[in-house]
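Residue numbers (my numbering), protein chains in the order written: chain G, 1 to 507; chain C, 1 to 316; chain W, 1 to 325; chain L, 1 to 300.
Bear in mind the hints are in silico, worked out from the structure with no lab data behind them. Just to be clear, a hint being listed does not mean it is correct.
Below, computed lysine-lysine pairings styled on DSSO-like, alpha-carbon distance capped at 30 Å [claimed, not checked]: (1) L:Lys296 <-> C:Lys92; (2) L:Lys153 <-> L:Lys80; (3) L:Lys221 <-> C:Lys92; (4) L:Lys80 <-> C:Lys92; (5) L:Lys121 <-> L:Lys211; (6) L:Lys99 <-> L:Lys29; (7) L:Lys153 <-> L:Lys267; (8) L:Lys99 <-> L:Lys153; (9) L:Lys121 <-> L:Lys80.
Residues per chain are reported as follows:
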Amino acid sequence: MSAAPPTAASSPAPLLELRGISKTFPGVKALDDVSFAIYPGEVHMLLGENGAGKSSLMKILCGATSADAGEFYFKGDKVAIASTADAQKLGIAVIFQEFSLVPFLDIAQNIYLGREPKGSFPGTIDRRRILADAKRVLDSIGFDIDPSVIVDTLGVAQQQMVEIAKAISQNARILVMDEPTAALSDREAELLFALIGRLKADGVAIVYISHRMAEVFALGDRITVLRDGRRIDDLRPADVTPDQLVRMMVGRNIDMTYPRHFAEAPGELLLQVKGLSSTTGISDINIEVRRGEIVGLCGLVGSGRTEVARAIFGADPVAEGEIVFDGRPISGEPDIAARRGIALIPESRKSEGLALLRSVGDNLVVSALKKLFPSGLYDPRGAQRTADGLIRQLRIATPTARQTVGLLSGGNQQKVVIGKWLAAGAKLFIFDEPTRGIDVGAKSEIFALIDRLVAEGAAALMISSEQIEICHVCDRAYVMRDGRIAGHLSRSELTEENIVRLGMHDE
Amino acid sequence: MSDTAVVSPIRSLQRIPGVAIVLVLLIALFGAVAPGFLSAANLSNVLVQSTILTMLALPMTLIIMTEGLDLSMGAVLTLTSLCVAIVSLATKSMLLGFGAAVLVGAAFGTVNGWLVAIVGIPPFVATLATLGMAQGLSLIVSDGQSVVGIPHSVRDIYSANLLGIPVPVIMGLATYGVFHGLLYHTRFGTYIFALGGNREALRYAGLSPTRLLIAVYAIGGTMAGIAGLLMTARMNSGHPTAGLGLEFDAIAAVAVGGTSFERGNGWLLGTVLGVIAVGVLRNGLNLVSLPSSVQVASVGALVIVAMFLDGLRSRS
Amino acid sequence: MTDITKESVLPPRSLLSQSTAQVFYRLLAALLICAALAVLSDSFLSLGNILNVLRQASLTFFIASGLTLVVLTAGLDLSVGANVALSACLAGTVIHQTGSPTLGIVTGLLAGGTVGFLNGFMVTALRIPSFIATYGMLWVLNGVTYWYMAGETIHGFPAGFRQIGSGYFLGLPIPVYLLLVFLAIGTLFAQRTTWGQEIYAIGANPVAARLSGIPVARRLLLVYTVSGTMAGLASIIFLSRLNSAEADIGESLTLPAIAAVLIGGTSLFGGVGTVFGTFIGALILTLVLNGMNLLSISANWQPLVTGIIVIIAVWLDMKTRRPTQ
Amino acid sequence: DGETIAVFTKNQTNPFFQTVRVGADNMAKVLNAKVLHYIPTKPDSIPEQLSQIEDVVVKKPSAIVFTPVDYKAMVPGVEKINDAKIPVVNITDRSAGGKFVSFVGADDYSLGLETGRFLLKTLGGKGNVVIIEGVKGSLTNVDRVRGFNDALKENPGAKLLASQPGNYQRLQALQVMENLMQSNAQIDGVLAANDAMAVGAIEALDGANRKAQVIGINGTKEAIDAIKSGKLLASGDYNGFAQGCLGTMMVVRSLRGQPVISEIVLKPTVITKENYQPFDIPLEQRTCPTFEDASKLGAK
Ligand SMILES: Nc1ncnc2c1ncn2[C@@H]1O[C@H](COP(=O)(O)OP(=O)(O)OP(=O)(O)O)[C@@H](O)[C@H]1O
Ligand SMILES: Nc1ncnc2c1ncn2[C@@H]1O[C@H](COP(=O)(O)OP(=O)(O)OP(=O)(O)O)[C@@H](O)[C@H]1O
Ligand SMILES: [Mg+2]
Ligand SMILES: [Mg+2]
């Protein structure tokens, strides 16, 4: 942020300019006459609610989707971007919100997919060079891993790093990042920010989509705000406050402090985990959750939070220990946990949370079938009513309940995953990264919702990589390190520093 | 570097498929109880008998890796085998017959690819339909009869030896070598992983999944053409039912060999082991002369047990 | 792994009953074939022939209807034909030895259901992919049947029993009534029960279904058992129609049943399809064979023509489905 | 004594080959030899039978009794047996090549002709007739259907309405018959290339409440029962039992240096309501013909 950001006045020729872009999907006007200019050496933040059209705009920019109307100008010349190949020729690289990695190829092959160095025989690959090149790129982003590791064995965060390496390796002049930190821990995010600084200095233009306000102000040189597919404004971070930005995005005022109605006295004991160990690498976990509480579960990525959540829900086999729920021990498959009143909002909505090809409505009622239709006879109209109610309650942006859920924007998909457990009437909600990829407005709505649920006697166990969220909304929190509980923080001790101190590896 | 240490043993563990264990067990068992099983002549029998299926199962592995399937392979092999017989009978030239078979096979493969990649019909349905077509054409061109009297040059391919090794075994090894190189060392092979694993990634990389898919199915058809030559040589005639049902044997070999039907994870050597395991089982049972119904049932049991062991491995 | 361009081609899975357009176009395809046959052959439109087609379609439909549920869960059952053979042989033996058709029917259904249950067990507990598990089962069943029958046939059943397959009631063949009953049951089960909905959900994404609290293993066991039981039912119809059982009757039944499911628009990837579509699929296949017999077309042409019809039916379906979005 | 005889048959599902196997077993017991059966796991599979030959040649039985799954395609297999110097007798379908000690089979053409003649005689030389064929291209089917057609030619008053394949399968024959009845209001006679299809056709006729004279070929137990009850007009005796017996007998005799008959073509018998009794005995209770009977049964 040392170099003065170029402005439209100081450098009149943008690197790339999009004019009058429109795009309609069946039932959705995703983009409406959006214009957008990118200058070399700047970080251009793209903000907007879930479904505002950010990803759509970026897909058009990189040729993955075609626009219905609009023009592209590269260094002042009109160009066509009809395919990803066109975009690549112009030096545009993208880090997608959805991974574009091939699971059973290694890291190096993924980074250079379609650009493999030629081997000595026609059609073959120069194996030594691809590994060496990949290693160099990985080193440059500070990701220390063997490039011959198969991508499928990597965790989400590691895959995100490979995705970044893939984009960097293209030596792009324009680099688009769609929520790159959504799956990263703070340490990895720091690496990424440092990298962005270096690229900027080299004159690379960066388009950065994020829902995290802190990032917007720390990284951004310029901000474009989208709302309902329209460009609202184009401004500099220095000229606005977070509150103003939020108002531009959602068109109303949002309280970003997530007010909680903390209960005076803790309720009765709902969940008790005693000495839990599972085959997935967690051991001796002791956790208590009372009615009316939101309990945080924090730690670094890979510290085993997800595994604790899955073991409680019965998704992973328990090796040792006991789980007592609502006064009775519980064990077995997730359907038993669900019947007893536990809900798990999983980490990966696409692979674990949703049936992407089914409708929003089908997905919303799937966990509640037993509750809604105790006779076993399914009534489509009843289901429709329930779904419509949830869509309204959660403000899910979808034309109808019949829309295929895979066509919703990322954040709205996340709302559907949360919504399905509301219909089921769970008593304990286990949230694994519930706000990943969710816009500020929706975030506060979700927290308000969780607050109301616990006020009505439910309880929540919440995993989040955004420690600030934990600090805001949790009554207390457990901190994990290397598959064990490293400590417990009461409401008064709950600060970001304490979480980091407990969660860090021994130094 | 700590990540590698965590990751690679898991990978290599998963790579010992149940079929390898089963194969070793079968060889030990028959070696002990079946006289003559371990003789060189008999083992070379097993290998020779396995070549035709290997030639179908290897391309089938690639097709399954793209989350596809080719049910037409057996029927196409039947048709190409008839082509070899009919053309070489008419022209007295083995090479012309072989050329015709490869052309017909490649044509069918391309049509399969076209139906799947461009028309967008699911592979199972598309190739079920071309199965019918190839079967129908076989009946029509042969009028349901065997085609005999073909030149001896065709037959010699199956029975000849090169440096004391049967030619079919050499062809099988060569096929494996080519497929191994193709899948693991070429760009095309890399893209096959991507076709099943993440087709979108290919598109973003500026490559056309359509053309690649067509190529994969065309390879399948072409291999059926080459195998057709061996089949005709083996029977010294063409017959309209010769290859019926071979596609299911091939698919079973691929699955037993540890290739998954999802996400583009394939293993060529496993496929070959799968083919050989079934061959060893059949051969061994013929030598110990149990009732034929036992033989039928044990083919099924082999498939189930191998897959079960595989499941145990990947779970642990 | 998401393929948005592919997704946007597919219609939204509706919350109400399955899209009527889809069923409509399938019916249209069947009607087109009928129209062509009516023009080409005088005898096609006779009531006798239409009942004939329905009766022949019913056998394929019984097998294919249970299979539809399996395919909806993204599975496949390749053992249905072999299951029909074994169930028929067992049921035939029981009728012969006890003289009681009822006991025979119970045996057939039980045998079929047990085989289905074993398939379900392999798929759920042993986690073997269904395609392979049922392929293995196919060989095991064949082996058992060959051993049990030892090349014999069982033939000659009581007249009352024979009525099930070849009898008439109010001018309609009894299998046609059974067909209508099971069409209704299958459709209601799939569309109007929570179990049906859960089956669709499992097919669409088994991991998400499990984490949504659906007892995936139990539902899969149910589905495979139902598929096996329907094969058992088919074996009874078969037995009473043909008045005999032998070891190889199942061989030619499996692929047509799968073809009927697929022509009927059920996706092998799971989560999409209807039982009614399967009925139309069975009908289309039967019409093709019936037409070729009526027109005395050489049997050599049958596989070729069937193959082409399958392609055209599926292609038409895809074309007509696109605009309905 | 104690020779092992490998007996090859086409499949485990067709009752005919069971009669062949029982005949072979029966004869082997009489001659104090041991029989091993080789049957493809996939019915009539050419590659599988070829593999079985290759495997058996390793095992070296004393002799082989051989039914080719396809009479042309199995010639390379027979040559392998010849190369291994294992004596082999050919039964049922006459192989198109290779050296055999002897051939034992029935005359399919005469069976088709005689049964066809019998049906047409019963119909008075006229009427509408359909043929239900077996598997296209199989030796038995080609000759049987040729026999049927020649019988029809001898009776110009009879009309052939259709000749459609039922692939030797009961269900297919039933459905073909149902469909044929739709386009043909009057069918008087049905010539089926085997008994299973004949019985399938009868079921179709029964279902439609129509009557026609039906004949089959093979003389299976089921056919005999149907003849007894009057549903089936007649069946041509293919006599698998005798084929199994005599094939085994010839090969064992050649091993023991006794004289053999190089070709036995069993004379066709049309089994009807008049003469079915000798065929109505369970297989296990039948006794194999002796060497002296063999020449009477049809030595050439
Ligand atoms: N292929 C498609 N078919 C139909 N509608 C689509 C498709 N892709 C996107 N949409 C719709 O277009 C709108 C914009 O989506 P987009 O993904 O651009 O949102 P976004 O701003 O990236 O949101 P998020 O922050 O949640 O990622 C949404 O309403 C979405 O449902
Ligand atoms: N750096 C790493 N090296 C090796 N394995 C890792 C690493 N990071 C994560 N994993 C493993 O990958 C799997 C999923 O990782 P994930 O990132 O979801 O971790 P997690 O424990 O669920 O924590 P979080 O909730 O922060 O995601 C876990 O089994 C974890 O042990
Ligand atoms: Mg987005
Ligand atoms: Mg996690």
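Do the hints match the structure? See the list:
1. L:Lys296 <-> C:Lys92: violated (46 Å)
2. L:Lys153 <-> L:Lys80: violated (42 Å)
3. L:Lys221 <-> C:Lys92: Violated: L:Lys221 and C:Lys92 sit about 49 Å apart, past 30 Å.
4. L:Lys80 <-> C:Lys92: This hinted pair holds, its Cα atoms lying about 24 Å apart.
5. L:Lys121 <-> L:Lys211: holds (17 Å)
6. L:Lys99 <-> L:Lys29: Holds - the C-alpha atoms of L:Lys29 and L:Lys99 are around 26 Å apart, at most 30 Å.
7. L:Lys153 <-> L:Lys267: holds (22 Å)
8. L:Lys99 <-> L:Lys153: Given that 30 Å is the threshold and the Cα spacing comes to 36 Å, the pair is violated.
9. L:Lys121 <-> L:Lys80: violated (47 Å)
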